[in-house]
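Novice: Sequence:
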Amino acid sequence: MEVGYIKIIKYDLSKSDQISNIIDKIGNKLSQSVIDIYLKDFISYNVLDEKQAKLIKIAVSDKSLDKVDKFNRDSVRADIFKNLIINTID
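Residue 90 is where the sequence shown ends in the numbering used here, and the numbering goes up by one at each step.
What the hints contain is simulated information worked out from the structure, not anything from laboratory work. Cβ coordinates follow ideal geometry from the N, Cα and C atoms, glycine included. Errors might be hidden in some of the hints.
[Claimed, not checked] Distance windows between CB atoms, simulated: (1) Val68 - Ser44: 25 to 35 Å; (2) Leu55 - Glu2: 50 to 60 Å; (3) Ser61 - Asp17: 24 to 34 Å.
Required output: the full structure, derived from the provided sequences and hints.
Specialist: Structure, rendered in structure tokens:
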């Protein structure tokens, strides 16, 4: 009879690894309501502060993207959101 074991190790990802994982999961389109959820999570996990989240929310809002046709708006929003997250979080 062979005896073995499973070893569980807690592995803390660096902030850049966490951001890479998030960016990979975001996808190509985002609605304003989904971004609101991401921003609330980022605040609760201390990834962003309230001021940063508010500025990102304004930048990707429907009002800011009013000149982008509705068919492409969620794609443009996702691209802007990803770039802001990558460049805001250090």
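Novice: Which hint numbers does the structure go against, in order from smallest to largest?
Specialist: The structure breaks none of the hints.
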